[in-house]
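K.L.:
Each chain, written out:
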Amino acid sequence: AQSVAQPEDQVNVAEGNPLTVKCTYSVSGNPYLFWYVQYPNRGLQFLLKYITGDNLVKGSYGFEAEFNKSQTSFHLKKPSALVSDSALYFCAVRDRRDDKIIFGKGTRLHILP
Amino acid sequence: DTEVTQTPKHLVMGMTNKKSLKCEQHMGHRAMYWYKQKAKKPPELMFVYSYEKLSINESVPSRFSPECPNSSLLNLHLHALQPEDSALYLCASSQDPKAGERSNEQFFGPGTRLTVL
Chain A
1 AQSVAQPEDQ VNVAEGNPLT VKCTYSVSGN PYLFWYVQYP NRGLQFLLKY ITGDNLVKGS
61 YGFEAEFNKS QTSFHLKKPS ALVSDSALYF CAVRDRRDDK IIFGKGTRLH ILP
Chain B
114 DTEVTQTPKH LVMGMTNKKS LKCEQHMGHR AMYWYKQKAK KPPELMFVYS YEKLSINESV
174 PSRFSPECPN SSLLNLHLHA LQPEDSALYL CASSQDPKAG ERSNEQFFGP GTRLTVL
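Residue numbers (the working numbering), protein chains in the order written: chain A, 1 to 113; chain B, 114 to 230.
Bound conformation, chain B alone (with noise of 0.2 angstroms):
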């Protein structure tokens, strides 16, 4: 299996909403992320996740809430958002990251498309 899997597809919210965005992949990488693309720009890192611990948040707000339930998940918890964050969610992961292990590519899954009314 050489997939990431995203759910849901399409998501439509309003701002006092809660909900999730979810993520899997089964080729026991150790690295996953999440990428915010806007239409016709390049996806912006938000979060890292390395061997199931938070590595890098850039400096996302906190109306996002990233978790790693296990190696094979990866969960955005999304609460009281703006009408600016209708994005394509993007999820992807990599083989093992120990340093000096960088080189390995991202595998991404296709997105949830989120608008935020």
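Extracted from the complex, chain A is given alone in its bound form (with noise of 0.2 angstroms):
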């Protein structure tokens, strides 16, 4: 079965820091990887994805993921973090033979000025 692990609740950071959010997958096969941020009261807002190909995967706002194969992997990240990147994030992955996207729970990430 597949599930997505993301093992922190919470990550703060300072404001023009490095940031990183944590996902680890367990799928069988080559998975589609995802993220997804979610405002307060809001849907979710897609921010990248890995197909295939280039393990650096460029996204919306700044943001990047790293896919690492073999430790099944696609941290988020992004080079100096704003006040107004605290939101929620999920990670998703989605098995390539299955319309069904899983979700991992969540981490909130805390942008301090």
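Since the hints were derived computationally from the structure, they do not count as laboratory data.
Dumping the calculated DSBU-like pairs for lysine-lysine here, alpha-carbon to alpha-carbon at most 35 angstroms:
#1 A:LYS22 to B:LYS153
#2 A:LYS105 to B:LYS132
#3 A:LYS58 to B:LYS122
#4 A:LYS22 to A:LYS100
#5 A:LYS49 to B:LYS151
#6 B:LYS149 to A:LYS105
#7 B:LYS154 to A:LYS58
#8 A:LYS49 to B:LYS153
#9 B:LYS122 to A:LYS100
#10 B:LYS154 to A:LYS69
#11 B:LYS122 to B:LYS135
A short list of chain A residues far from chain B (calculated; beta carbon distances all over 10 angstroms):
#12 PRO7
#13 GLU8
#14 VAL13
#15 ASN17
#16 PRO18
#17 PHE67
#18 LYS69
#19 LYS77
Being a predicted model, the structure only gives us computed values, none of them experimental. Cβ atoms here follow ideal geometry from the backbone N, Cα and C, with glycine treated the same way.
Taking the hints as your guide, dock the two standalone chains into a single complex.
P.N.:
Have a look at this one:
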């Protein structure tokens, strides 16, 4: 069965510092991997995805993620955090043979001014 | 138009009421989804429609009844709900869901916050 783990409930980062939000996955075969962000009382917004090819994926708002097959990880990164990046971040995985998408439990990112 | 709209934004209903949630998109997407999200939790998949046909029902109780009248609209009919059904209900859509093209990201609506008294 496929699963996604986000080991940190909350990550605190000072504004201007680099940030990392961790995600590991378990799925048979080659997955599609996604990051979404959710602001309070809003739906989820797509940030980026990994399909195939280059392991470093660039997305919206300066975010990027690195796919590491050997470690089954897809960590979200940003070189310089903004206060406006404070939100709830979800990693998600989709098996290429399935219509279902599985979300991690979410990581609350708090950027300190 | 790159938006998924949901109505109403808020809904309060009693356990004997019948109500419906509506979702609409005009991006030509052929896959549409209903999710339930409790506070501080990830979205939980309820239903998936692919080309207006129900393709996944995640063992959702029959008091939730989905309907996809056409490729742009998705409804969720509610009847005899329980207080524990109170949650944010999210609709999403994605492009052509043909086999081998499941790499498409989902576009989410803002949700309907449902309270069952």
